[in-house]
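Given the coordinates of chain F, assemble chain Y onto it according to the supplied hints.
Protein chains: 2
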Amino acid sequence: MNYSKINNEDIVFLESLCGKDKVFTEDSINEDFSHDELSGINQYPEVLVEVSSTEEVSKIMKYAAKRNIPVTPRGQGTGLVGGSVAIHGGIMMNMSSMNKIIELDEENLTLTVESGVLLMKISKFVEEHDLFYPPDPGEKSATIGGNINTNAGGMRAVKYGVTRDYVRGLEVVLADGEVMEFGGKIVKNSSGYSLKDMIVGSEGTLAIVTKAVLRLLPLPQKTISLLIPYPDLAQAIETVPLIIKSKSIPTAIEFMEREVILVAEDFLGKAFPDSSAAAYLLLTFDGNSKEEIEQAYEKVAHICLDNGALDVFISNTRERNEAIWSARGAFLEAIKSSTSEMDECDVVVPRKFVADFIKDIKTLQDEFGVRIMNFGHAGDGNLHIYVLKDELTEEIWKQKLNAVFDKMYAKADKLGGLVSGEHGIGCAKKTFLQRSIGDSGIALLKRIKLSFDPANILNPGKVCQ
Amino acid sequence: MNYSKINNEDIVFLESLCGKDKVFTEDSINEDFSHDELSGINQYPEVLVEVSSTEEVSKIMKYAAKRNIPVTPRGQGTGLVGGSVAIHGGIMMNMSSMNKIIELDEENLTLTVESGVLLMKISKFVEEHDLFYPPDPGEKSATIGGNINTNAGGMRAVKYGVTRDYVRGLEVVLADGEVMEFGGKIVKNSSGYSLKDMIVGSEGTLAIVTKAVLRLLPLPQKTISLLIPYPDLAQAIETVPLIIKSKSIPTAIEFMEREVILVAEDFLGKAFPDSSAAAYLLLTFDGNSKEEIEQAYEKVAHICLDNGALDVFISNTRERNEAIWSARGAFLEAIKSSTSEMDECDVVVPRKFVADFIKDIKTLQDEFGVRIMNFGHAGDGNLHIYVLKDELTEEIWKQKLNAVFDKMYAKADKLGGLVSGEHGIGCAKKTFLQRSIGDSGIALLKRIKLSFDPANILNPGKVCQ
Chain F
1 MNYSKINNED
11 IVFLESLCGK
21 DKVFTEDSIN
31 EDFSHDELSG
41 INQYPEVLVE
51 VSSTEEVSKI
61 MKYAAKRNIP
71 VTPRGQGTGL
81 VGGSVAIHGG
91 IMMNMSSMNK
101 IIELDEENLT
111 LTVESGVLLM
121 KISKFVEEHD
131 LFYPPDPGEK
141 SATIGGNINT
151 NAGGMRAVKY
161 GVTRDYVRGL
171 EVVLADGEVM
181 EFGGKIVKNS
191 SGYSLKDMIV
201 GSEGTLAIVT
211 KAVLRLLPLP
221 QKTISLLIPY
231 PDLAQAIETV
241 PLIIKSKSIP
251 TAIEFMEREV
261 ILVAEDFLGK
271 AFPDSSAAAY
281 LLLTFDGNSK
291 EEIEQAYEKV
301 AHICLDNGAL
311 DVFISNTRER
321 NEAIWSARGA
331 FLEAIKSSTS
341 EMDECDVVVP
351 RKFVADFIKD
361 IKTLQDEFGV
371 RIMNFGHAGD
381 GNLHIYVLKD
391 ELTEEIWKQK
401 LNAVFDKMYA
411 KADKLGGLVS
421 GEHGIGCAKK
431 TFLQRSIGDS
441 GIALLKRIKL
451 SFDPANILNP
461 GKVCQ
Chain Y
466 MNYSKINNED
476 IVFLESLCGK
486 DKVFTEDSIN
496 EDFSHDELSG
506 INQYPEVLVE
516 VSSTEEVSKI
526 MKYAAKRNIP
536 VTPRGQGTGL
546 VGGSVAIHGG
556 IMMNMSSMNK
566 IIELDEENLT
576 LTVESGVLLM
586 KISKFVEEHD
596 LFYPPDPGEK
606 SATIGGNINT
616 NAGGMRAVKY
626 GVTRDYVRGL
636 EVVLADGEVM
646 EFGGKIVKNS
656 SGYSLKDMIV
666 GSEGTLAIVT
676 KAVLRLLPLP
686 QKTISLLIPY
696 PDLAQAIETV
706 PLIIKSKSIP
716 TAIEFMEREV
726 ILVAEDFLGK
736 AFPDSSAAAY
746 LLLTFDGNSK
756 EEIEQAYEKV
766 AHICLDNGAL
776 DVFISNTRER
786 NEAIWSARGA
796 FLEAIKSSTS
806 EMDECDVVVP
816 RKFVADFIKD
826 IKTLQDEFGV
836 RIMNFGHAGD
846 GNLHIYVLKD
856 ELTEEIWKQK
866 LNAVFDKMYA
876 KADKLGGLVS
886 GEHGIGCAKK
896 TFLQRSIGDS
906 GIALLKRIKL
916 SFDPANILNP
926 GKVCQ
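Residue numbers (this note's numbering), protein chains in the order written: chain F, 1 to 465; chain Y, 466 to 930.
In case anyone wonders, no lab produced these hints; they're calculated from the structure.
A few chain Y positions that, by computed beta-carbon distances, are all more than 10 Å from chain F:
id	residue
1	478
2	483
3	492
4	530
5	554
6	592
7	694
8	699
9	731
10	799
11	861
12	870
13	920
Stretches of chain Y that chain F covers, calculated by requiring three or more beta carbons in the stretch to come under 8 Å of a beta carbon on chain F:
id	stretch
14	563–573
15	888–900
For glycine and all other residues, C-beta sits at the position ideal for the given N, C-alpha and C.
Chain F on its own, in the form it takes in the complex (with noise of 0.2 Å):
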């Protein structure tokens, strides 16, 4: 691709729009801004612009489309698979300024909000005013835009769906630089093709998020957690059906093994509640009546019981709900300190064959002889799968992740899985992506993502390209 590069007429612009402060370039670039949480995908941009308005956006894709200068929005760069690392170069415009939260409209149950904002300042501002944003993915330090990006799903997808649910309209940017609102502050829409169901999950590909109208439902008054100890994984994931079919519908419904306790436990300095046995389910359940929820979760521990657990240990304080959810939220980090270096696989599948793909992962692990860790959203058959370096050389590791990925890809493909569940495609899975959905399959988002961005100036490299 024949993008311009960045010159100092380009530096001098951006610095009258946004403050000469707000523009950073060469060693002025924090490391952080040249990769992001995982992908291994190393690439400083060439200029950085810390953005704090819709109009600065629009002013700055306007000066890029006309100079050619490929752009990557950025949010907190909490992604796993490069989709917010700048592979062109160019200009990166980092969004985390742009952080107000603009509207709380309690009779039309929506937050509006900047793309800026966290994901976790979201969460506390409506739960202070007895309101519930129900998607809730592990890193609650990403960007709500980051999220929308994504469509970031997180472990309440089993009963609540992911963040493109609760996403009612968006204030966008295109790469022309014309501002655009699809959607809005309606529960129902079918006015044309659905842009704003475009936009979600898109990477930064298609137009810059800028402002989001978010859907809120009321708080649940009631939450309890099980966590059921289990002789082995597969008999853990093989209730899972059992309970889905009983319809008795959990908020979340977690995995995890000993192994990743033991090093969570390690990394947080602080004990879990159990890690007596190999495996364990995690389950939640909400509501507003106690009753309602007793009768869910004894089901649910009966199913759980007759099928091979050890045990269930009920919390229904707070504080032993936080304690055992804050450890399932430091997985991720706890991994990737037990290593030197890791990628990840995050592939869905229909639930009921996740023991399947399981079973599959083990051999894997024996068979390239490379240390694999696993834990994931049973209960909506979306996996997160660490293959670690440890030791290897960089040459060996490179070989064997390849060939364990592509085992596991396949494998997810047989199942009618798909390559991503919630941390999309970026730069570090557009193979796997490729060989899901076929030639003719990337080639329809090619051309998508063309009536968009004509000049394929807006995060390139990404997704399909």
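For chain Y alone, coordinates are given in the frame of chain F:
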């Protein structure tokens, strides 16, 4: 547009593919296929073919693409905006015979169906298995393919959302005849742009839906309805934002006026439980615990009584619920039977502005001397407003209709509303969509359309063309 006309060779091809008894031309085409339920747009296709498999749909599209023949997919023709009328002639593909329920997967809580299955068949089938397909449009004899293509919403959107929220996967045939699957039996998906969501609501202009994987929920064990009379409509509707704000969210919140009830009583030959008041709210609550439902509805009943309601009638038997809701389901047909011709406005506005919008409509009735009836989904802001021709001449009627519509859509736009909540754009609402999203919005939709269908043979002349 320069499409090929159907010739004898085309008929021979269709007959050899689908069978002679499945292909209709000229006088053998039933008059029903020249229009839909309401739009007043009339055009016969050159040939009507009843398809019975994805393979047939694919072969016809390949053929049509080569010959440059327009193709209009058609379900039960219950649309209101001309979306399923073959305005450019060509081939009409009747999908109604593709009506098999393929698989109920209780472990994944999904139902896989062909696109010609009727909505009423789906809800009956899953309820027999103690499961629930929440979308509940008034027209139960529509096909699920039609519901998907308009992203139909219905009465339960307040609590459960719309059709889009219950489509997990689609099998579609593209304009060039290629068969593709978007999504699947999976709960989360961040694997490239959401093509599934692009198809939902696209009114047959991007691809032909042949199969759908629908998401199911456990069937709520208890349902209760409240019929709440008010001295006038404004007071009734002004209560709705207060109900939402109270955080006791009903499953449905409908509003209706006495004049509509009287028309429905007349049409059905059955009395409504009460028709003494000028206006009513009709609410439903569902759940699994009696206590929870009671707590919610008692709170809401008090809010209503504190804000002008004359009484609260509780309906907690299946028979009484059905009597009320079947009357509600007949409103459209009843109004239609009370006049010579009518047209509809299906705007959606933020729910706190419904009262404001309805007040405006009342003034239009007097200002233009035309009968206007309305009812709708107060809980989700989606209104169905009918302008009635009665004894007006064709010329005067068209004049008044245009003038009234101009004012209605302008008002909705001013309130942050959009053109269609659930009936789509079709041919009839194109002007209003253009005014709402502007030239550059329409241009973007057109580019997306061409990225799916470069020769513009799929349901041409609809939505953005």
